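Chains as they are written, first to last, in this note's numbering: chain A, 1 to 338; chain B, 1 to 433.
Treat the hints loosely; a few may be bogus.
To be verified - Lysine-lysine pairs mimicking DSBU-like chemistry, simulated, CA-CA at most 35 Å apart:
no.: 1; chain 1: A; residue 1: K131; chain 2: A; residue 2: K29
no.: 2; chain 1: A; residue 1: K84; chain 2: B; residue 2: K369
no.: 3; chain 1: B; residue 1: K82; chain 2: A; residue 2: K131
Unchecked claim - The calculated label-pair distances, taken between Cβ atoms and stated as ranges, are:
no.: 4; chain 1: A; residue 1: Q74; chain 2: B; residue 2: P350; range: 53 to 63 Å
no.: 5; chain 1: B; residue 1: Y50; chain 2: A; residue 2: T105; range: 54 to 64 Å
no.: 6; chain 1: A; residue 1: R31; chain 2: B; residue 2: V126; range: 56 to 66 Å
no.: 7; chain 1: B; residue 1: L137; chain 2: A; residue 2: A188; range: 50 to 60 Å
no.: 8; chain 1: B; residue 1: P350; chain 2: A; residue 2: D72; range: 52 to 62 Å
no.: 9; chain 1: A; residue 1: G187; chain 2: B; residue 2: E21; range: 48 to 58 Å
no.: 10; chain 1: A; residue 1: A30; chain 2: B; residue 2: G366; range: 55 to 65 Å
no.: 11; chain 1: B; residue 1: L300; chain 2: A; residue 2: K139; range: 45 to 55 Å
Honestly, the hints are just simulated from the structure, not real lab data. Remember, predicted model here, so these are calculated numbers, not experimental data. Note that beta-carbon positions come from the ideal geometry of N, C-alpha and C, so glycine has one too.
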Amino acid sequence: MKKSVFLGALAVTGMIAGTAGAATLDDVKARGSLKCGSNSGLTGFAAPNANGVWEGFDVALCRAVAAAVLGDPQAAEFVPTTPKTRFTALASGEVDMLVRNTTWTLSRDVDLKFTFTGVNYYDGQGFMVPKALGVSSAKELDGATVCIQTGTTTELNLADFFRTNNMSYEPVPIETNAEAQQQYLAGACDVYTTDASGLAATRASFETPGDHTILPEIISKEPLGPLVRHGDDEWADVVRWTLNALVAAEEFGITSTNIEELAKGTDNPEINRILGTEGTMGEMLGLDADWAKNAIMAGGNYGEIFEKNIGESTPIGLARGLNAQWKDGGLQYSPPFR
Amino acid sequence: MSDLSYVRKDMLPEKAPPVSEVGAIGWLRANLFSGWFNSILTVASVYLIYTLVSSILPWLWSPTWSAGSLSECREIVAELGKEHGGACYGVITERWQQLLFGFYPQELRWRPILTFVLLFVALAPVLFTDGVPRKMLWFTGLYLFLAPWLMWGGAIWTPLLVIAGLALGALAFRVLSGVIGALGATIAAIVAPILFWLFLVGPLSSALASIIPLGIEVVESRLFGGFMLSVWIGVVAIAISLVLGVVLALGRQSDLMIVKYLSVGFIEFIRGVPLITLLFVASTLLNIFLPPGTNFDIILRVMIMATLFASAYIAEVVRGGLAALPRGQYEAADALGLDYWKSQRLIILPQALKISIPGIVSTFIGLFKDTTLVSIIGLLDPIGLTGSIRADANWNGIVWELYGFIALLFFLSCFTMSRYSMWLERKLRKGHS
Numbered sequence: 001m002k003k004s005v006f007l008g009a010l011a012v013t014g015m016i017a018g019t020a021g022a023a024t025l026d027d028v029k030a031r032g033s034l035k036c037g038s039n040s041g042l043t044g045f046a047a048p049n050a051n052g053v054w055e056g057f058d059v060a061l062c063r064a065v066a067a068a069v070l071g072d073p074q075a076a077e078f079v080p081t082t083p084k085t086r087f088t089a090l091a092s093g094e095v096d097m098l099v100r101n102t103t104w105t106l107s108r109d110v111d112l113k114f115t116f117t118g119v120n121y122y123d124g125q126g127f128m129v130p131k132a133l134g135v136s137s138a139k140e141l142d143g144a145t146v147c148i149q150t151g152t153t154t155e156l157n158l159a160d161f162f163r164t165n166n167m168s169y170e171p172v173p174i175e176t177n178a179e180a181q182q183q184y185l186a187g188a189c190d191v192y193t194t195d196a197s198g199l200a201a202t203r204a205s206f207e208t209p210g211d212h213t214i215l216p217e218i219i220s221k222e223p224l225g226p227l228v229r230h231g232d233d234e235w236a237d238v239v240r241w242t243l244n245a246l247v248a249a250e251e252f253g254i255t256s257t258n259i260e261e262l263a264k265g266t267d268n269p270e271i272n273r274i275l276g277t278e279g280t281m282g283e284m285l286g287l288d289a290d291w292a293k294n295a296i297m298a299g300g301n302y303g304e305i306f307e308k309n310i311g312e313s314t315p316i317g318l319a320r321g322l323n324a325q326w327k328d329g330g331l332q333y334s335p336p337f338r
Numbered sequence: 001m002s003d004l005s006y007v008r009k010d011m012l013p014e015k016a017p018p019v020s021e022v023g024a025i026g027w028l029r030a031n032l033f034s035g036w037f038n039s040i041l042t043v044a045s046v047y048l049i050y051t052l053v054s055s056i057l058p059w060l061w062s063p064t065w066s067a068g069s070l071s072e073c074r075e076i077v078a079e080l081g082k083e084h085g086g087a088c089y090g091v092i093t094e095r096w097q098q099l100l101f102g103f104y105p106q107e108l109r110w111r112p113i114l115t116f117v118l119l120f121v122a123l124a125p126v127l128f129t130d131g132v133p134r135k136m137l138w139f140t141g142l143y144l145f146l147a148p149w150l151m152w153g154g155a156i157w158t159p160l161l162v163i164a165g166l167a168l169g170a171l172a173f174r175v176l177s178g179v180i181g182a183l184g185a186t187i188a189a190i191v192a193p194i195l196f197w198l199f200l201v202g203p204l205s206s207a208l209a210s211i212i213p214l215g216i217e218v219v220e221s222r223l224f225g226g227f228m229l230s231v232w233i234g235v236v237a238i239a240i241s242l243v244l245g246v247v248l249a250l251g252r253q254s255d256l257m258i259v260k261y262l263s264v265g266f267i268e269f270i271r272g273v274p275l276i277t278l279l280f281v282a283s284t285l286l287n288i289f290l291p292p293g294t295n296f297d298i299i300l301r302v303m304i305m306a307t308l309f310a311s312a313y314i315a316e317v318v319r320g321g322l323a324a325l326p327r328g329q330y331e332a333a334d335a336l337g338l339d340y341w342k343s344q345r346l347i348i349l350p351q352a353l354k355i356s357i358p359g360i361v362s363t364f365i366g367l368f369k370d371t372t373l374v375s376i377i378g379l380l381d382p383i384g385l386t387g388s389i390r391a392d393a394n395w396n397g398i399v400w401e402l403y404g405f406i407a408l409l410f411f412l413s414c415f416t417m418s419r420y421s422m423w424l425e426r427k428l429r430k431g432h433s
């Protein structure tokens, strides 16, 4: 009885909190800044540089949204969150959107009352082993000791994978990626498993990266994307279409270098609609006509952002893979701007 | 016969003690080689220390201060041909300011530095009771309002109005004590300023600021970080918890039932809950329970929780001091005809607090180190910043150098506090056993 009263009170306050930011777009415009929940530090995705300016793949998306809404990519403020605090920060209105390499799952979308507005990075869980171990496939890992971050979906994926393949393993629980690197290098575990992007970043930091290999198997789907509070569809639209604009810009060859040229008007009506020289796309979203132009100018199109932060020219060196344009066999596909 | 004597008439000059008993050799014999067992222990210890130092020193001695990334460090170390690698200090050169100040704007960093320096000016009359003019206590009082204003910035009117709230409370007490009696006046003196702060300071301050815009640039809490954040949370929590703790300790000993059980309940509840739980309440639960749209500063929330936590422990330490006082002291105070507050202020507390100094200081040191727990709720204190710095592709993989630097900062602070407490104990020893 008492418990149900407590839960009821919790639900009511939750609902009040939920309706609080019903018009996030107006709030952001009135405030003049966009509050973005970010990772407190993930190589290539979000990290402050020596001057305290946040940089990274996820950060770039926030800056694009800030540019689309407020016309200034520097109007994005970053609130570092941990895996434990990220969802409360968003639900309570402490941040306007969350871009924190968060996997889109049913329970988060439905039960936690959030709206995922797209996928900016398709990731998957992989394995890294020392070359000296002589393993070339994850199927050969029977009986291995595995370093694994506790309390994450990777832990559950790992158990599923070994069970379906009828193998046994011994987990070595660790708390952070830094700890995992130390344990793995010290030989406390044979295998380190986490998202493939994280494995690549970790391997790049080793003294001799060539001594370690990332196994070809990807054992889970981890679509990482931005999310907003449930029930504020106008705001969700803004975030969703900003991401779509970045992806579409790459598809149509709009880059940060030629955008000024293209914004004067082209023969391609879709480019014109994206850049606001034709149609009323911005007005429909409640933004300026050049919203997408500002978003693309903030850090370039999707491909440019990828190359600059995590692409093959960076130490992390991730290939496009699933994140290539749909024309190149990837999954990045923007609905039409019409 | 008479000049014969069997008794020596004059003293022999003192001989120098044998070489084996004095000087370096004597000290060695007495302290390190006083028996075969101790000799073995000495030799083994020397060997152990030598192995430790000889493996750590080459690692520490590493000319990598100008390196721009971990791989550059590795190149430098490889050129020197070190076997076990070397420390990479480039990360400290590049990030020491961030580790100290977080994201506090560079051109405004004089403000936290000034606040820190003024802290010692404000503390001087409290910590060193002789040699410092008593009038400086006025500055100490003023500092309580000056420090937050310097750190967070904003209009000058806010701290002035907060002081005005205190004056309002005093005024309410003066006016009402004649009308509704002492107890009612005390309650009014507490309630009036709180209402004033909650509902009037905000609008009044912005109204005044629009007439006379006097103030300094606002720095938001999310820019606070690094060692500055630890010190700031620590200092505020320490200062307030000492006052609150003494009040709670007195409350626990009080004859008034409600006061007593409130104090006991508070102390036992807070001591029964881990600090990390309180921090999670501050960072997540409060967000949900507070009315929507309230923007309750996260650092303020953490400060309140840390203060409540420390005050419960201080209360118990002070209660230990109160209990250790001989009963005669209380009776003597009563016999002199002193009322409750006077006897506490003049007789009981000075002695009880003196007894409690070691306990109080170790609670403070513990609290100061506990401030690093805020990294778990996403605040970027030094420990939280190590993760962010490692997320920079240049420094991914650096561990020891960062933690070593932070450990050094904390050691210096805590060691200073501990030395001060020992000095204070010696100074206050009045000689009664």
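List, from low to high, the hint numbers that the structure doesn't satisfy. 1, 6 and 10
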